[in-house]
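Make the complex out of the two chains shown on their own, each in a separate frame, by following the hints.
Top line first, the protein sequences correspond to chains E and R.
If you count the first sequence from 1, position 355 lands on 355 in my numbering, and the numbers rise without skipping.
If you count the second sequence from 1, position 162 lands on 1162 in my numbering, and the numbers rise without skipping.
Wrong hints could be hidden among the right ones.
Taking lysine-lysine and the DSSO-like style, the derived pairs with C-alpha atoms no more than 27 angstroms apart in a straight line are [stated by the list, open to error]: (1) E:K588 to E:K681; (2) R:K1207 to R:K1156; (3) R:K1094 to R:K1238; (4) R:K1094 to E:K167; (5) R:K1238 to R:K1264; (6) R:K1217 to E:K224.
Hints in this document: simulated from the structure, not taken from any laboratory.
What you are looking at is a predicted structure, and each value in this text was computed from that prediction instead of being measured.
Chain residues, written in single-letter form:
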Amino acid sequence: MRGRESPASPLPLISGRFLLFQALTAGPWREHPGRSVLAVAAIALGVALGVAVHLVNSSALNEFELAARHLAGEADLVVRGPRAGFDESLYPRLARLPQVEAANPAVDLEVPLAGRRDSLRIVGFDPLRAGLVQPALLPERSGMVLDLFDADALLLSPSAAEWLGLKAGDEIAIQVGTRALTLRVAGLLPQGAYRQRLGVMDVAAAQLRLEQLGRLNRIDLRLKPGTEVAAFRHELQALLPAGVHAVTPETEGGRGANLTRAYRMNLDMLALVALFTGAFLVFSSQVLALLRRRTQFALLRAMGVTRSTLAARLIAEGAVVGILGAVSGVVLGYAAARYALSAIGSDLGAGYFRSITTSINAEPQVLAFFVALGVLFAVLGSAAPAWEAARRPPARALRAGDEEEGLKQLPALGWGAAVLASGLLLAAAPAVNGLPIAGYAAIALILVGVVLAMPQLAGACLAAIPAFTRAPAAIAIAQLKATPRQAAISVAAIVASFSLMVSMLIMVSSFRGSLESWLERMLPADLYLRAARFGETAFLTPGEQARIAAIPGLERVEFIRSQTLLLAPERPPVTLLAGPVDAADPEKTLPLTGAPHVLRPGDPPPVWVSEVASDFYGLRTGDRVRLPIGSTTGGAPREYTIAGVWRDYGRQNGAIAMNRGLYAGITGDRLVNDAALWLAKGTPILDVQRALREQLPGGIEIATTRELRALSLGAFDRTFAITYALEIAAVLIGLAGVSVSFGAQALARRREFGVLRHIGMMRREIGVMLGCEGAVVATLGTAFGLATGWIVGLILIHVVNRQSFHWGMELHVPWLPLAGLAALVIAAAVATAVWSGRAAMGEDVVRAVREDW
Amino acid sequence: MTGNNPKIPSRRRALAWLAGWMAAPVFGQPVDRQSSVVTPFAPVVPGYQMQFPRDEGSHPDFRVEWWYLTGWLNEPARPLGFQVTFFRVRPALKHDNPSGFTPRQILIAHAAISDPEHGRLIHAQRAARAGFGLAGADEGRTRAWIDEWALEQQGKTYRSRIPAVEFDLDLTFESAQPPLRQGQDGFSRKGPAPESASYYYSLPHLKVRGTIARSGKAQSVSGSAWLDHEWSSQYLEKDAVGWDWIGINLEGGAALMAFRMRDKGGASFWAGGALRAADGSVRVFPPSDIRFTPRREWRSPRTGTRYPVSWTVRAGDREFEIEPLFDDQEHDTRASTGTIYWEGAVRALHEGRPAGLGYLELTGYWRPVNLA
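Bound conformation, chain R alone (with noise of 0.2 angstroms):
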């Protein structure tokens, strides 16, 4: 490359390799169709009995999973929202090759910083081989790190440090509450085909702590923050568009989670959710509890793309308004995973009143997510 080149581009052109993985060949195809393939995938079934500190580490034999962190920080006096997400990507291999290159297990890091101030996701991401100590997914404990991008959790702890080219996170993960197991005790289904389903658990109300420089600038900050922890070998069905997802720290210690998965036509053929009570008591939806009805459209001027940003959210008997921190935070990794998206920092209002913060992704408005 020359120098006229600027690189940011040419970067996201090559990190554009990955894309598919999330979508195409990890979620698109059936395990049994890859009957010549040498990596045989482990399936996701009902009944595993999730064990901690165990199942917060990485499990190799499944084909994806990841560590997605979301939360509010400095609020109320400047608000910003963050994401820190490690995947780990299992890809299906024809052969048994002795290389120690040989890329039994990829990872993918992505971070974003929403700042209502910028206006926009400041965001980073990285991909690399585990091998030689230089990037990899321990299991037994969270660990899942690229070079110094690093997850890593000691005890009731967990810490991130994005070193990144546009800002630098070091921030510091305090949980409080047990583990909160999604679907029936974390085995999570996505859909009517009892093979689309992962295994899943979230830990809401995360105390954060920690330092974001930008522009050489350190700020500190706190705040709250949820980490959902998700691994499986066939997570879409085969007519998945797109999800829309919220989990939300509710205030006084409460915790939701909701998703639906939409369909071609934009309807919900699956959904699910949880609702924890502050005093621990877990109310776990069917999909029939869930509804998600849109309120306001943001269109990006970018892509061209619709997303509703601002939505009425019923779980079971109670019904939550949600809206974001901006607009637009729209999350272009096509570098990295293939896809544009929408994750951001949003508030939960109950009936008129702040009811707590969380984080809203939608997916498979640009594109399906269904890339194969």
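Here chain E stands alone, though its shape is the one from the complex (with noise of 0.2 angstroms):
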């Protein structure tokens, strides 16, 4: 007894019950460091990536929103339109409105820098009626205005000026077309007023320099003082034409937090897997522990300590290792998002936020939530084997060889069909809000379900285990049949993490297995040319088109128009590309998931929606829908019939594809973005890409199918980086239980080791005795996580993924990595069963057996 730490009592017996209490209790910490430390390693992660997740998304949409409420500064309303825009007489008539106290027209677009893959917003509006309505948009210098209004003028915002590393006077070339063109850089907005890389621009040097005139796609409004902003922007939405929305600054702002909403809550809820793993560590440990420390408990119980205080202690145990752990993953999600935003950027590789620069945003109320997420989870993983053991009557838990009878509280069977039943059936239940709620309910259940089946399936498994004749195994056999409740656990340890794994992988693969049959789809030909591949000016010009389909040695060239449709204010706007899509066999361009929808005479025109697009407006192959594709002012927008639903991963906010035929006609519109080049047999495509180079001097992109495969291929792999991060985390964890869980039963049954070193038994008999206890226990609990992540699987890509991004997709089997994991866990469970075995077999091993006889 080392009662250093106690405090002088008046009352010895208070105080010797006092450090009997901190011997029992503490004891275990002192002499296990390793396991506590494990459990609080597991928490802390999970809590690490619980904070490193939020605390970088947070940052991103708290500037997303920022940039977005500074440039619309003190406007009450945004009218915004497509990339295309609409056509300028909309501004005075919106400014004569009565209850307009300012308008500020504007083109708003990302423009692609010359000579560098990136592009740079720019905003070019009015700078004198920016006086009422984004004043702080301005520049300070008195005077400068002047100077903007230079069609060749352009400010930078400090944080573009710095990113491109220029200065007032400097010169900037953006594209425009697959032209180069040259801004001169007239100074800089204030510092502050804009923390996101911007230009802006007189609005008519914008209109003449982006080519856009007579284009606007943005009106910012102030309104006057008392109008009912809500009211008028429903008065105001009627007199604007199809595809231009008046919105909220709000709006506008929460749209990035619309966007990437399920995309939050998917990595949130891995953190939360990370969690609920490290809580299933705490409770798979806590139970061994307290079982071994029974015989304590009941001295304790015996010399009066209530059920209450001794469950209250136990559980306090559970909440410091809680506390470590999840202070210190605060520290380590903390680090981690400071890393993730410096090295991955704020998207954490999506793709959402681009452009978008942060610093870290924590508030301390969300990192108190942390902390105490990690305490709840420690707590409850320690609460239920904590009840168990001050329940117990003292004079049965002094008993030898009550270890297995405290097991049998555990729930039986029916409770864990029943869970699992509800699980499968929540599968089915359809988004709430947007967002998979019911499927990572479903998952959750499926996962609880199998653990609390486990005893009775590991049971009955066990039971099937025809009896072995050579000693070590035999024994091995035997004492997990006379034992299987204890085995239990350490089965469902392994079920709980490694089904985990399981699913995500497969989850992965058959992302990535559908993203490549797709790109093989969607890429036909041989050489694709892109005019930019970032930003919305840049363009292919009927001439330069014909330039291209000119080249010698080309079998066939298509064209793309990539535009854009403004469906819905609060979601961003869809993609329409008008291609080569034939009606009569849309399927050779355009992957669809049903059958194609035959059209009848007089039905309107085709067109054919993505699945995003579907699942966001409610689109059906065969629904007629009015779109606001070509001239937006006056009439109703024409009508089209939707023709199918095609997959498309490649544009997340959802596409609509028609023939470039019919959009030139309605639009006028005969620019291209992409075109797909195909190669006369024995052409070398060297050849080509020369040609290409000659005939479009300017900026333009060309890539090979299989630099593009390529390059789609590293993008999804970036954006899955972090779910491989959290994969990894889980199986780390996960094999952390199955070593403690083998580490604490091997401790526990030290008695036994004893007993069968007397009746002679080799110690590395004992080993191979453990190893096949190992063996046995990990094949039962890859093989039910095999089965159970096989079903959480399948929830994850038909439910979840579907639910969260709208995307469908093959199931796709990792075979070979699923047998090499299976193979790892189980050599891991054997390799720490031996170990924790020969540790526990030390010097006194022997004498061990006198303990508590």
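Structure follows, in structure tokens:
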């Protein structure tokens, strides 16, 4: 008894009991720091992941929202059109409305930077009107507005200037069409007015330079005092052409949150999974540790420590693990978030906030929430075993061989089956508010159900194993058969973590496999050409198209025009792809998910919507829909037939495909963005690439099919980098769980080893015995884990993923990695079993027989 | 802008963009230095025959133009001064941009009320590029507007509506007298250099009627006003720091305009003026016949600028004492014209007796008007 920390108490009895209490409960911590450290680490990992994901996302969202708000300034409403905008005559009509105090017309585009694979957002507005609407976005130096009236002048936000390494007086080259165009940096916006990268031009200059004469795509409105914004917005919407929407700056700012909501929830769920496995680790180690300390607790109870005091004390132990884990997790998560922001970017590689620069934004209450969450999970993990230990009658618990008795209290098959079944049922439920909440709940229920049912399932499986004749293996099997519930805990630990690994592996591999076959379908040509990879002002003129088509050695060239349509005010625009899609044979160009709809005579012209667009806007094959394509003034927009739904992994805001001939007929727009080139047999690809460069000396991007595929798959892997990281974490936690449970069991069985040594068993043979036990338990665990993971994987693919990202995919089972992983888990289990047995069989293992006898 | 940032100061800073137009690019550079510029500015030359109402309209070929209305209301019961100005500025553009938004002409409007009970000016300002019918200045007759702010001529009547945030002016002006052509038949020189000049006429003794609403309460007003219409492509002489100007509706229907241009030392280097008698006979004064003598200075508590707000002005053989309606009529237009000056209602006295009512303008006391 080492009560050095005990206070000098006037009551020796209480003091003594206190010391005993200390010794019994704090003792295990000193004896087995490794196990406690593992539990702490598991909680820490879960909390760290949650904190990192949250910090990175909230920082990005915060910046996104700030940017939208700062750009809108004091505007009450922002009138938004698609990329191609609307006729500028809308501006005076809106400006004259009696409720409008001031209106600022704008051209707002992402503009490719020539010679730099990136783009800059440029807003061309009226600086004179900005005085009433966006005063912060004006330069401080007097008279600079005159400079801005120059058609080549541009103001940069300080962060854009820093990013580009430019200062006032420097030149900046942008790309419009395929031409590079030089603008002059007339000055900088005031420090702090706009934190993101931005260029500001005069609206007239922007119309001229960005080839938007006669067009605007944004008007910021400041309303007269006393105008009811919501009512006016409604009234205004009736005046706007189709595809043009009036939204509040809040909606503008919230779009980023909307866009990434499902993605963020996905990551949050992965962090929760890590916490869950951490909690399970706490649970399984506590169960076994408490079992081992059973007699000590009985002693305490006999000394008069009440049941609830004991339970509280044991739960407090879990809480200590939780606090240590959660606090270090927050620190770790903060560091990880900082690293991720600087190394990967604020979108965690997912491409949502490509050009948003952020600084970390950590609210204390959020960090406190994560600490609480970590503690909660640890407490939950220790609560059940603690309560169980506390409620045992002291007399019975003091008897030897009571361990297995204690485990009888674990729930029976009926409960597990019921929970499992309810989980499976829940998987069929639709999304809640656009989020796959039911899907996540289903996964949780299935996992809990399997874990609850595990004692019975494991018992049944163990009972079915035939008896062995050779000694160590025979003893191992006999031991497992005799204590099925204890074995079940180890099996459950493996099932819980392994099934999650399996499901994620299946999901990611299905996604990647589907993406690969999709790329195969979408990239049938030999060579692809794009005016620019980023930005919205690059295009190929009809003349340039003709020059491309005339290049010798080409069998066929197809052009694609990419535009945007604004179908709902709160959503980002969908992409309109006008390409070579043929109504008679759409499957030649589009990977349709169902049978194509055959148009009847008199049907409106066909369009094909991507799965995302279909889900977002409720568009089904065979529906008729009015789309704001072409002239957006006067009359209702034209009607189209949804002739099919196609799979599109490329555009997360949805896409609508139509025939380019039809598109050009309606809009008169003969520009294109992309070209697909098929080479005639025997034409060297390098010759064509050289010819293209000669014909189009400006900024174009040329890529072979292979390069594009590599690019797309690289982007995919970046997107899933965080998933992979979490997956590795799950594997580590799972393996740790397995080793902890084996270690604990081995310690708990020191007496048994002693007896075995007494009856003449060699240490090596005990090792073999433990290895066999480990192998059996791990095999059971991986088998159940595979089955559970398979089901969870299907839910991830068909429910969670579909509801989150609206992307359908086929099942691609990664057999080899799964087999390898299973083998790794079994090997790790055997190794830890043998190793922990060896550790438990110290010098005095023979003496251990005397323990407690 | 977030909520804690009051709108007025930020708007003011925004308008500060315009600072320097009136002075630097507009007045500051001689026309011939702008050879790379697409915009050719029309020169002001002697011998031009003003025609009305044609010349009451806009002259878009010139660099700058203004219609400047000042006057007294409700005298003697509860006198108020007011000022409504529309500026038209033609920026020097390097590109012939076909965009409908190309700022070929910029309109700036000021309005201010001088209420002795308020103790300082209540003012508002606005600026916009001409186009889309939202702002502009018509040729052929006076009509200048920015959104709902407007000054419009109908025959011999002018109407100005300024629905600003802090006040709402709706005034109608009737002219009973013919235009008073300043300088040599409307050619008004601003310095010894012959190219520094403007075309300039005044309409004194305009009868004003209308309403002024402040904090929602409309008040019927009537009184007498003065309209200056001036256009030029090069207004200021290189050495000019500022000017002092008066326009007085004298009792009995006579009218006096006098100005002087000051140099760095504060000395007059040019002056001009005209006195139209009640019978319509006009006496145009050469520079030597105009003398401005300060009598009393007032120091602005906001800017520390000292303005001589009380004067003795001698025009030929006649001498007037000029006394302000109240001292603090400092006009902070840093937000639009980039300067702070004094523009206020004044009484003219002749030999101690009331002789007329008008406006006094004192520029270049805060900083030289030429900000180039």
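Cross-check of the supplied hints:
Under the criterion of a C-alpha separation no larger than 27 angstroms, the hint pairing K588 of chain E with K681 of chain E is consistent with the structure, at around 21 angstroms. In summary, the hint linking K1207 of chain R to K1156 of chain R is supported, as the alpha carbons are separated by about 11 angstroms, within the 27 angstroms threshold. Taken as a hint, the K1094 of chain R and K1238 of chain R pair is honoured in the structure, with Cα atoms around 24 angstroms apart against an allowance of 27 angstroms. A threshold of 27 angstroms between alpha carbons decides the hint, and for K1094 of chain R with K167 of chain E the separation of about 22 angstroms falls inside it, so the pair holds.
For a cut-off of 27 angstroms, the pair hint linking K1238 of chain R to K1264 of chain R stands: about 11 angstroms separates their Cα positions. With a C-alpha separation of about 18 angstroms, the suggested pair K1217 of chain R and K224 of chain E falls inside the 27 angstroms cut-off, and the hint holds.
Every hint from the earlier list agrees with this structure, and none is contradicted.
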